[in-house]
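S.K.: Chains as they are written, first to last, in our numbering: chain A, 605 to 1429; chain B, 1216 to 1435.
The hints are simulated quantities; they were obtained by calculation from the structure and are not laboratory data. It cannot be assumed that every hint is accurate.
[Stated by the list, open to error] Below, a sample of chain A positions facing chain B; criterion: calculated Cβ distance under 8 Å: (1) 711; (2) 714; (3) 718; (4) 721; (5) 984; (6) 1096; (7) 1107; (8) 1129; (9) 1131.
[As the list claims (entries may be wrong)] Here are a few chain A residues that face chain B, going by a calculated C-beta distance under 7 Å: (10) 795; (11) 798; (12) 799; (13) 801; (14) 802; (15) 1100; (16) 1130.
The beta carbon of each residue, even a glycine, is placed where N, CA and C say it ideally should be.
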Amino acid sequence: MDLSISSRRGRGLLFIMSTLLCLMCGSRGEIPAKPSGGVTILPPVKPDVDPQAYPDTEKSNLPVFTMDYPRIQIPFEITLWVLLASFAKIGFHVYHKITVWVPESCLLVSIGLIVGAIMHSVKEEPPAVLSSNVFFLYMLPPIVLDSGYFMPTRPFFENVGTVLWFAVVGTLWNSIGIGMSLFAICQIEAFGVQDINLQENLLFATIISAVDPVAVLSVFEDVSVNEQLYIVVFGECLFNDAVTVVLYNMFSFVANMPVVEPVDVFLGVGRFFVVGLGGLGFGVLFGFVAAFTTRFTSRVREIEPLFIFMYSYLAYLVAELFAISSIMAIITCALTMKYYVEENVSQRSCTTIRHVVKMLGSISETLIFFFLGVVTITTDHEWNVGYILFTLLFAFIWRGLGVLVLTQIINPFRTIPFNMKDQFGLAYGGLRGAISFALAFTLPDSISRKPLFVTATIVIILFTVFIQGISIRPLIEFINVRRTNRNLDTINVEVHCRLMEHTMAGIEDLCGQWSHFYWKDKFMKFNTRILRRILIRDSRSESSIVALYKKLELQSAMEILDTVSGDISAAPSIVSLYEEKKSAAKPKKKFMAGDLRNMHDILSKNMYKIRQRTVAFTGKHSLPSDGHAREILIRRHASIRRSLRPGSFQTTGVSKSQKYFSLPAGKSLDSNFFPPKRLSSSDDHETMSEVAYPPRRSRFSSSSSSRAMMPLRRLDTLKEVPSVDALNESRSESSAARRGVSRTNSSYSDSHVSAPRRHLSPSADRDNDRNVRQEAAAGEEEEEEEQQQQQQQQPSHPRPAWAAEPRDNTTRNPLLRRPQWNPKK
Amino acid sequence: MGASQTRSESVYQELMDKTGFSLEQIKNLKKRFLHLSGNEETISRENLDAIPALANNPIRKQIIEAFFDKRNQRSSEVGHLEEIGFEQFVMVMSHFRPPALRTSVEEREVMRKEKLQFLFNMHDTDNDGVITLVEYRKVVEELLSKSGAIGHEAARAIADAAMLEVASTNVPDMAPDDFYEGITFEHFEQILKGLEMESRMHIRFLDVDTSTMRCGKSTS
């Protein structure tokens, strides 16, 4: 990378020895451009201040102390810049309210402006930030991969037509509209820009028609505007990057041609399609290859995430090699593989992938915005007020007009038409950002008016980022755009979404129409039958309802764990991992089934120890024969379990469930627990069979001890351990968690003791009157004993039990297996 | 000829007023109706059952049943029909009409309620105004029936959890001895409050005649 922030070695190095920030100012400050590969904005000036100041002054002797700054200069300075930008980012979030009202990009640009001003004031030259190669090969891919990977898939495909319509046609509209109008302006002599020809105008217009509404998207997410608007803005920004870069390459080629012949126009149009579709093809290809590769990575979890990045980057580079749309390629690659990969890789790898994708993307973007600020101050601008103002004006007019006209055309084809408010949001969300800046900056030097274009682009970016970026939140809230609540994840909602989808597909079939639901149906079938079989190791298809159900179960389990082991050092690591995932998955909100399974496995590993320890405890001291005491335990545990679940459904907040979690000693049991009647009303036979199901299949199958299987089933889940624990670090961590969990056992043992007994109740109630719980418990004393024996037995040879289990048995998922509370009919 | 033309026009006009479909849409639906019924006046369950494209739909039964449910005819009657005519057919279809560009908030609310009622009726097979656990389970099982590996137990567990969720959202302070009989329509509305129906329960009924497509499809 030739992000060349080179420094005059003299003073710079002294600064470096002092403090980090001073050092950064110092090294940044004294920067004559390093003659590095790319197009640097500065002339490659040889360091003029005594280049041989300190290193190897005495060549003859063995040097005791040497410094070889030039050797490390480039990576060193890159690191410092990245650090500085990251510090800035931390800084904004210290005071949280700033970022609510002022988008992060504004703040970054502001910091950049300040730094630039400092540099300018000490007459230092700016870093030569971007060359076309650096930008296209290193800065752009992470940004695009980030948005491609976190693109919400379902709404995207529901609105794919509109998204592409706005992205492709909208960008063409903007580029051509603005370019033509600017060309017209150039004919006016008063502005003195007659020398800009049509090609250059079009090129410039292309640059500034790339919208980059990161700020807008985060606002949209916060106020949760309706899904359609969100996804159209999202998709537009993603795909119009592709369109813009294609156009940019085309026009910058054309701009260098002396004469443009009509046939070139047609060739250009043809090339446009080749480039776009070619990118799509490569993306899909590499996406499938990546997915297929991860099918076999279960033994090498350490490098699993690497495949994702390498394949996406490969897709990008290969597309670049053939000069087809590399952005398109990387987006489609990410979209294609994401779904399959996330089911194949372990949950840790999945977390890693998401984090690294986000990290690279945001660092790239941060740097670009940061440099935007710096460069704004430090470059020489060519001010042509007329041209710049008209650019601004046209950018607005054409964006507004474009949205208006294009919406009118697309609305009849949309199920939910965009109303005026949506259109306003769409038009106003057209911020210009990092891409525009970088493209302007990497304009070939052969364009004589490059400084003017850079200035105009910077003005537009600053204007839109600051004015629109800050005002969009109040405006959106003021005009009250239709909103969608995207944070719903209750089982009922999921069930009904599916129900509606199927209904829609059915009704469409009934009316004999082909449209969205029909195609979705067809694709899902194809996907399950063929694609999943090939690409996914463990190719059971998992219904979204089931996935959500597991997730919710997991959440409540997490809460139990969190509360139980709140003071343990190791447990928080799991919990925080979970929290992290939550934030990492923010754009997506829903976890992949694979993560859930894995998360759950981590969990059950920890829980397993609790149970085991508890069982041992109960076993050692002979069975408590005091029926009364036992009943309290049963009730208490049952009430905890029962009340936790509704608690966790109402709100995912931990505090809520904590409220329920334990009965304060002073409180009377009767007022708080859920009565046995409700717990155990599962007198219908189906539920019973469900409870009894695991023993039938387990090695310990015995006649009557369905209740004894709780620990066994916990054990079953251990079969995942080897895969999850592939990383050494994780092994130690999880064992630490186990130790930690078992430590707290003593205080909570009473609630765990009764865990197996929980299963007893349904069977008891089947036989007896369900209200007579105590009798039932007493009546099954022998069974209890048997159960205890088994539980003691299990720890002695757990290995065969889980080693022998086939891995792909979801139906034995202990969370799913939990006995259910059945409201009586 | 002219007389019958005007008669059918007036019938169509009436239907348009009732359902809000455009004339082209009604004509399209009529064609489809005749195709399904084999040029009869009425459609029976068997006609709908025979649609090949529907065969893979996990909730086919519920969908077909919805057409024969009197509650979905925007009248106060309850019960089931054996056969439906074109009018009933269109009435059911009209539940899925997308909202026009300019609809007031109240109209949207009404539409939403209608759609919810339609869903509710799909659940509530015995017309008692309450979705019981058994009914709920049945629907969930059907929904999951096509997704392979998931057994009945999982479906049940999910239905139970869903039911519990409804109970806990709607009756948070349930006395210990209470139990939750089933989901009433009010509760149903409550649990799906945040769900945006506008974007989901809609079909863009085609204005143009797509008889060729339709033939291709129905024969496929």
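S.K.: Indicate, hint by hint, whether the structure satisfies it.
M.R.: Quick rundown of the hints versus the structure:
1. Checking residue 711/A against chain B by beta carbon gives a least distance of about 32 Å; that is not within 8 Å, so the hint is violated.
2. Below 8 Å, beta-carbon pairs count as interface contacts, and residue 714/A has none with chain B, the closest being about 37 Å; its hint is therefore violated.
3. With its C-beta approaching chain B no nearer than about 43 Å, residue 718/A sits outside the 8 Å limit, and its interface hint is violated.
4. Violation of the interface hint for residue 721/A is found here, the shortest Cβ-Cβ separation to chain B being roughly 47 Å, above the 8 Å cut-off.
5. Residue-level restraint check for residue 984/A is violated (minimum Cβ-Cβ distance to chain B is 51 Å; threshold 8 Å).
6. Proximity of residue 1096/A to chain B holds as hinted, the smallest CB-CB distance being about 5 Å (cut-off 8 Å).
7. The closest approach between the C-beta of residue 1107/A and any C-beta of chain B is roughly 6 Å, which is under the 8 Å cut-off, so the hint is satisfied.
8. The interface hint given for residue 1129/A holds, since its Cβ lies 7 Å from the closest Cβ of chain B, which is under the 8 Å cut-off.
9. About 12 Å separates the beta-carbon of residue 1131/A from the nearest beta-carbon of chain B, more than 8 Å, and the hint is not met.
10. Taking 7 Å as the C-beta cut-off, the interface hint given for residue 795/A is violated, the closest approach to chain B being about 42 Å.
11. Against a cut-off of 7 Å between C-beta atoms, the interface hint on residue 798/A is violated, since the closest Cβ of chain B lies about 46 Å away.
12. Using the Cβ-Cβ criterion of 7 Å, the hint placing residue 799/A at the interface with chain B is not satisfied: the shortest such distance is roughly 47 Å.
13. Nearest Cβ of chain B to the Cβ of residue 801/A: about 43 Å, over the 7 Å cut. The hint is violated.
14. Nearest Cβ of chain B to the Cβ of residue 802/A: about 39 Å, over the 7 Å cut. The hint is violated.
15. Look at residue 1100/A: its Cβ gets to within about 6 Å of chain B, closer than 7 Å, so that hint holds up.
16. Here the hint on residue 1130/A is broken, as its CB sits about 12 Å from the closest CB of chain B, past 7 Å.
Hints 1, 2, 3, 4, 5, 9, 10, 11, 12, 13, 14 and 16 from the list above are not met by this structure, while the remaining hints are.
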